[in-house]
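All chains, please: the whole structure from these sequences, using the hints.
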Amino acid sequence: MLNIALTKGRLEKQTMELLKQVDYGVEVLENKGRQLVVQDSKKPCSYFLVKSNDCITYVSRGVADIGVVGKDVILESNNDFYEVMDLGLGKCKFVVASLPEKNPYTKVGHVVIGTKYPKVAKTYFTSKGIDVEIVKIDGSVELGPILGLCDAIVDIMETGNTLKENGLIVFDEIVDISARLIVNKASFKLKRDEIKALLDDLNKVV
Amino acid sequence: MTKFQIPEGTKDLILDEALSKKQLIVNLEKLLDRWGYREVMTPTLEYFSTFLVGFDEVNEEDSYKFIDKNGRILTLRQDMTIPIARLVSTKFKDTNLPLRLRYCAQVFTVLESLAGNQNEETDLGVELVGEDTNCADLEILTIAMEALMVLDKKNFTLEIGNIDFFNEACIGMSEEDKEKLANLIDNKTLPELSEFVKKLDIDENKQKFFNQLPWLNGGLEILEEAKKYVVSDKQIQILDSIKELTNALIELGYKKYITIDLGKVPRLNYYTGIIFEGFVSGVGYGVLSGGRYDKLIAKFNRDLPSIGFSIKLDRLLTVVKPKLDYKERKIVHYPKDKMIKAITISKELRKDSIVSLNRKDSIEDIEIEVV
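Protein chains in written order, with the numbering used here: chain C, 1 to 206; chain V, 1 to 371.
Quick caveat, the hints were computed from the structure, so don't treat them as lab data.
Note that the coordinates shown come from a computational prediction; the quantities given were computed from them, not determined experimentally.
Yeah, the Cβ is synthetic: ideal placement off N, Cα and C, and Gly gets one too.
No false leads were slipped in.
Derived lysine-lysine pairs resembling DSS-like cross-links, with alpha carbons at most 27 Å apart:
#1 C:K93 <-> C:K13
#2 V:K198 <-> C:K93
#3 C:K164 <-> C:K119
#4 V:K323 <-> V:K21
#5 C:K204 <-> V:K206
#6 V:K351 <-> V:K21
#7 C:K204 <-> V:K198
#8 C:K204 <-> V:K228
#9 C:K196 <-> C:K13
#10 V:K69 <-> V:K91
#11 C:K191 <-> V:K154
#12 C:K196 <-> V:K206
Chain V regions said to be covered by chain C (calculated; three or more residues, Cβ under 8 Å):
#13 180-189
#14 284-294
Derived, one-sided and incomplete: chain C residues facing chain V with beta-carbon distance under 10 Å:
#15 S60
#16 F81
#17 M85
#18 S178
#19 R180
#20 K185
#21 S187
#22 L190
#23 R192
#24 K196
Okay, here's the thing in structure tokens:
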């Protein structure tokens with residue numbers, strides 16, 4: 001029996017579609033009502049839906065054997081699990097953006113970066129040899145440079161429309177993001193055959 | 001005053017929790033004692049510089065640090081292998097080799113907060129110092145098997161690999177690339193791995209090898225399958241030496257507990273040969289880990305090949321029910337005037353049970369209750 005943690009929301013639907021294509025009995029997920037844990041109707045799997053950060057916690061601690069979660073969340077966490085497959089879902093990018101006149105790379109003096117992803121931002125700027133101050137913002141990050149809270153932002157960009165509408169431009173692309181299949185390290189050893197079978201199935205459609 | 005809390009990442013163990021941990025320690029120590037491993041105890045505090053020498057790269061944020069009165073940096077020990085390396089080079093100068101040492105100690109790491117990690121853990125382990133033969137490897141692996149048996153009779157696996165299998169394929173590569181590659185392979189971060197391998201200046205065979213390495217794990221058949229991907233003759237020799245070890249373990253009756261993972265590449269500058277990790281059903285992390293570290297003690301000025309392992313006990317407490325060394329718990333109830341008799345009786349009962357006394361004046365004579 002495999003315990004699978006799915007990230008709630010859009011990713012949950014897309015993952016379900018993938019599993020359906022390889023003949024998993026996930027229709028139960030569609031009419032789950034208030035049920036928190038549901039059984040696959042065809043395969044020995046059970047699913048539960050969690051928030052993205054929790055998905056990582058559940059998998060790291062072995063409560064879930066497998067999780068589906070965005071690379072953005074993985075990058076922001078301290079990963080202690082295997083990241084075995086790129087599901088190609090929810091594709092987007094981490095970018096550095098700001099107003100055209102506020103280039104953080106050429107600014108002389110103290111640079112402040114606003115972001116929902118402090119770890120990603122810190123790692124990126126450290127690798128570039130640039131010393132910055134990170135300010136954590138939880139929503140509407142684009143406001144930061146406009147209102148003068150920070151010089152630039154590090155955020156996820158899907159289409160680029162939000163940035164454009166707010167007059168921000170992309171200065172650099174940090175890394176591509178998509179949903180990943182992660183596996184608990186101990187489960188990988190103790191439930192090897194079941195996990196391998198799931199991966200082989202998914203490989204047919206990914 | 002309502003704020004009597006304990007620091008994050010620490011734990012109080014009470015009553016049965018403490019009993020069961022203690023019993024687990026006793027059971028494991030008995031095993032190690034019988035193998036002729038002698039206990040060493042080192043200070044909880046060490047100079048931070050000792051750890052800087054031991055680990056080539058220390059993540060400074062991971063250790064608790066203090067300043068002593070002379071301005072030197074102290075640290076709470078992060079593991080026991082480095083204090084033992086220090087100990088071997090300073091306290092065992094003229095001792096006959098090999099040394100068989102064991103320990104059971106609290107170790108400390110500053111971990112990510114609120115992730116459910118423990119910052120203080122009990123580490124119990126052995127080190128076989130001064131021997132680099134296959135026999136030493138086999139001895140340690142056998143003890144690891146027996147220790148896992150003590151923990152969980154059925155559901156465990158001991159995964160064996162050899163870090164040189166990876167190192168061999170990296171000859172000619174920059175340290176930085178090698179480190180990155182090791183990380184991606186060890187965490188089986190496969191999407192990034194294939195991207196990274198493409199960027200490296202290596203031939204097609206090596207590319208194929210590195211992409212395959214995270215999948216070179218499973219049963220004993222992996223040792224044969226791996227031969228399809230090797231990029232040097234030395235790697236064939238390494239596979240053969242693992243085979244020799246696993247054959248010996250099979251002969252000793254451990255076949256169903258052995259798995260192979262050639263894509264195991266933890267802590268590059270510490271381990272030098274065979275590495276292994278034990279997993280017990282119900283625990284999401286490895287509970288036993290070890291390997292050969294032939295270069296470590298040399299950093300403390302004594303060149304001694306060594307191998308050892310340690311068990312992270314606290315991770316096991318929720319799933320392992322240790323064998324208790326008493327039969328049952330009893331209460332001897334006695335009225336006031338029968339106290340001497342009660343003590344005499346309970347002394348006899350204590351030979352195989354835990355017996356506590358309870359004064360109860362409402363009864364006439366002694367009553368023994370099993371709880």
